[in-house]
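Trainee: This is what each chain is made of:
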Amino acid sequence: MNEGTMMYDLARRIFPIYRSITGEGVRETFRILKEWLGDACTFNTYEVPTGTQVFDWTVPREWKIRDAYIDDEEGNRVLSFRDNCLHVVGYSCPADKVVPLEELLEMIYTQPDQPDVIPYVTSYYKDRIGFCMTENQKKALRPGNYHIVIDSELFDGSLTYADAVLTGETEEEILFSTYSCHPSMGNDNCSGLVLSAQLIRAVAAMPKRRYTYRFVFGPETIGIIAYLSQQDRYLSLREKCRAGFTFSCVGDDREYSIVHSQSGKALSDRALENALKSRDPAKVKHYSFLTRGSDERQYNSPGIDLAVAGFCRSKYWVFPEYHTSADDLSVISPEGFQGSFDVMMETVELLEHNAVYRTTTPCEPQLGKRGLYPTVSQKGMYDSVAAMMDLLAYANGERDLITISEEIGVPARELIPIARKLEEAKLIERMCAQ
Amino acid sequence: MNEGTMMYDLARRIFPIYRSITGEGVRETFRILKEWLGDACTFNTYEVPTGTQVFDWTVPREWKIRDAYIDDEEGNRVLSFRDNCLHVVGYSCPADKVVPLEELLEMIYTQPDQPDVIPYVTSYYKDRIGFCMTENQKKALRPGNYHIVIDSELFDGSLTYADAVLTGETEEEILFSTYSCHPSMGNDNCSGLVLSAQLIRAVAAMPKRRYTYRFVFGPETIGIIAYLSQQDRYLSLREKCRAGFTFSCVGDDREYSIVHSQSGKALSDRALENALKSRDPAKVKHYSFLTRGSDERQYNSPGIDLAVAGFCRSKYWVFPEYHTSADDLSVISPEGFQGSFDVMMETVELLEHNAVYRTTTPCEPQLGKRGLYPTVSQKGMYDSVAAMMDLLAYANGERDLITISEEIGVPARELIPIARKLEEAKLIERMCAQ
Amino acid sequence: MNEGTMMYDLARRIFPIYRSITGEGVRETFRILKEWLGDACTFNTYEVPTGTQVFDWTVPREWKIRDAYIDDEEGNRVLSFRDNCLHVVGYSCPADKVVPLEELLEMIYTQPDQPDVIPYVTSYYKDRIGFCMTENQKKALRPGNYHIVIDSELFDGSLTYADAVLTGETEEEILFSTYSCHPSMGNDNCSGLVLSAQLIRAVAAMPKRRYTYRFVFGPETIGIIAYLSQQDRYLSLREKCRAGFTFSCVGDDREYSIVHSQSGKALSDRALENALKSRDPAKVKHYSFLTRGSDERQYNSPGIDLAVAGFCRSKYWVFPEYHTSADDLSVISPEGFQGSFDVMMETVELLEHNAVYRTTTPCEPQLGKRGLYPTVSQKGMYDSVAAMMDLLAYANGERDLITISEEIGVPARELIPIARKLEEAKLIERMCAQ
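Chains as they are written, first to last, in the working numbering: chain E, 89 to 522; chain Z, 89 to 522; chain G, 89 to 522.
In case anyone wonders, no lab produced these hints; they're calculated from the structure.
Each hint should be verified, as a subset may be incorrect.
It does not matter which identical chain is used: a pair holds within one copy or between any two.
Derived pair list, reagent style DSBU-like, types lysine-lysine, alpha-carbon separation capped at 35 Å [what the hints assert, rightly or not]: (1) 226 / 509; (2) 328 / 373; (3) 353 / 373; (4) 328 / 226; (5) 509 / 227.
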């Protein structure tokens, strides 16, 4: 079974769980991930009590929902949480009352430009009673009284986040981060949880690792802020983290999207861009930091200063099913997951092998005597060794492999085996990790 | 009465005065400006005696002209200074003689490509007798003798320049400079004198000023060289001046032109460009320093090194009426003046509010609890706060507001109130003036 | 007789000589060049014994060839070295045996995409018996036995290279390098030898030289590596060399090609680019360092670090006759040589006159009193002095003349006389050589 299929199966398993920024849904999701990962890593979960200050934020009350529905005067069930969990605004206050249509309408959210979908709406930080339905459902509501019930609870509890760290030869870190707060939607964000989990397995299975790999899971915004704030993790990350990526909407099979870090030129950007160079350029989209929307917002913020890039297939906000009931298991696929996994593994490969090289001899070395150069010289023969000659010419002790790749126009993936060959022949030497 | 109308009225008043690089016309103009400005500022005038060395130049003799004409053999007045003062080449030597047509023709200047206008011609530094007329007038001259009279005088006198300084909270200066040497032409340069005067009034009326504002008036080239040279003003300007602008042809209502400083990236360029971003891009022209022509030539010269940018509506050289009798009061208008005034006041506003900001908290702050962020989250809602989020994300203690404006693509004018709001909420803090 | 004609005559003289990376052909060529140069310079030749280590390389055995042919069973001469010396693979081992067609075919090299030319093929570092013929000749071979004879010899001898150094006022050097290893081909490389020789004459005849000029001649790759390695020449070159050029295929009259140094922004690039600006842009080709192929490979390599640019007319690899028997005396011409010579002399001129200038007076100087500026001011007159005014405005003690040329868009060649005039008028002064 290939990785894509395994990932899709895992997505199917966690899809039905109702997640929010706090609560049992998140905990249940983490339990499944931990079990699925098995021995691959130590999967740590953390609870942050309601009221805890995390940087400028305060951890909110925990939220639990058991049921919700709207009945009309005849007792017909207009809407039920059991049909689709998106029908209730996330973090809705409890309610059990009869209201006339006019009052009900003020509590209803729809997506008028997509009249057949239920939008995903939340109100974490302001008490509110709210329902979501399709625009067509709303239009069909007739005057009269409605019995609305939200069997929810807001109470002092805790917010849950998790991480897994795979130590490498050095303390320098590569960071992967995804969020755990979205209820039943497929691409956003079952897919990110699943890609992170599969990457943990793959990285754990690598025979050796130069870098330490850190995988972070938490509710978007507040969870990552809590993660960075607590134990002053941001200080050690700022010191050790060399590159990082946030995952969002990585399960569909449409395009590949990179959301650049603030400078757009960090190692994160350069490594991921380079890996994407081997993909069909028509399917690769490059988004500026100005279009950021997930936790790259926190990682790149002044004071944190981690140049983390975002990775998506169809970018959040852009694909039509985004944040609606249409973002279900049909949007994602084994093929989509496999594509995301392959890109991220190639990125890991590039980072592992990236190094600043220096040639060991002035002038070009005599490659022929080492079997690395054609022994007959006729026009056109240089082409076959051009990448090797270029690598030798640009390995001046200042450029790393990715920079050389960019300057000579050859994907870094193709340069890695050449660099290894030249290193074994002692024609180049590694200066230091970058 | 709006500023444009007041400015046009002032232009009408100074238009008829005959100005040159020295003489009573300049002094009379300065007297009117001083009177018009009233209590707004101390308007200082300075006299530099003939023969004074100013850098590489020597202040020439003062020039006075009372009358000039050409009569033909029949006593018909072919041309009279009283009809149009441009008929005499500026700084013409006195003359009173009868000459045949051939000799007269050598003294005549026309604009052959514009046969109906009198060109504006000067000969400040070489003794010369010269008349200007339309090409058609010249073609109509018939053989015969002509009585030519120029009742002018060149004598040891002085060159006059002026300035006004409005002190601010700091000694850092913003410079505005315009020239006072052109006879009756509307756009070039009544308009510059008028814009400077109106700006003095407006800046003087500002409730507080971070910068000190310096307004310089003098004959083009020699006057500004004298200004910079005397009292070693260029040394203190080089130290204190943060941005500067020369005004030329700022009274018409065609386009907005910026003549960039040598680097094109100085604060002057960036502030004025930013202010122009709110104007119709089709009406904004960007000129390289290679097309400079007014006193930005002196300010930017090596040894002075003030990165001053030029501001025009239709740029000198470019509009058809330039340096001809067609550049009269019909070329300029209240609307044209108002546009120039608004752009320069917006530039002043940007400079006053420009600062390097730093966010005070790692990660994004919780804007919702401060009423600065939507409390409901649904797709599309981020747009309304994107500029605020971007400002927070880019305020890293290194970028000034104008740089942030350029990087996030939002005019600085729109960022100023946002920055004020964030500063009041103590979410960003000012590092230092730039 | 112009230089082009003299150069073509010299090319005709050295064309027939059979050159390889070692041997009498190279020595004979150098003897002719030395004689042709006469008193213009001291032309030094050097012998490097077989087996000498030069950086990563070992000087190979010397090769001598006396004759070679193939006879068929009927005694018909299928191919003879005396008809065309390209018929034998360079550095072929001796042979005298009868082989069947199948075996012969394995020794034969052709250029299938150009069926009427004999390709130029070498095998310097691997023992091999090889013949070259046209594809059509090969196709005409009938089954049977063939008597193949190569009367060659490989023996411990030496590799020959040469140089000539014309000392200047300073020890700073300009380098010209060309290769001496190609047998009878016109553009590649008789032409490079000839251009270098003519330049030696011209530079030697210059009344004064700021720079010292070094001309290097040696077999491509191994010869230049030997040159740089021996006497640690690369260390002093790295210290003293300011710009350098390799010559290859400089005798045809098609286009002008520059092969950029690695950065593409070195003085070599900038000077040659500037000289080429005066040529028809449609005939100037700019090649990136990634397309390098001659000894700029060695000069630019890490550890040598000389930012040498390549100069060609039609670039090697690109023109159809390249490395075939079609590259004969008909490809090159007096006109082609003259064009190359003119470009390189203009480049020398630019380098000699390039300097960092600083204006001596703040503000613009009064050019009128020095007769350098129109005394009448009317619109349009500024154009005639724009280049002079721009030079004054940009001469800030940091830009060299070539940089000013690039920034103001005027070829440096036109700025040289202006700079001289301003220097004589003491309006600019030279800071230091660059």
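Trainee: Each hint should be assessed against the structure and marked as holding or not.
Mentor: Verification of the hints:
| no. | hint | result |
| --- | --- | --- |
| 1 | 226 / 509 | neither (67 Å within a copy, 38 Å between copies) |
| 2 | 328 / 373 | within (29 Å within a copy, 47 Å between copies) |
| 3 | 353 / 373 | both (16 Å within a copy, 31 Å between copies) |
| 4 | 328 / 226 | neither (52 Å within a copy, 65 Å between copies) |
| 5 | 509 / 227 | neither (69 Å within a copy, 40 Å between copies) |
When each numbered hint is compared with the structure, violations occur for hints 1, 4, 5.
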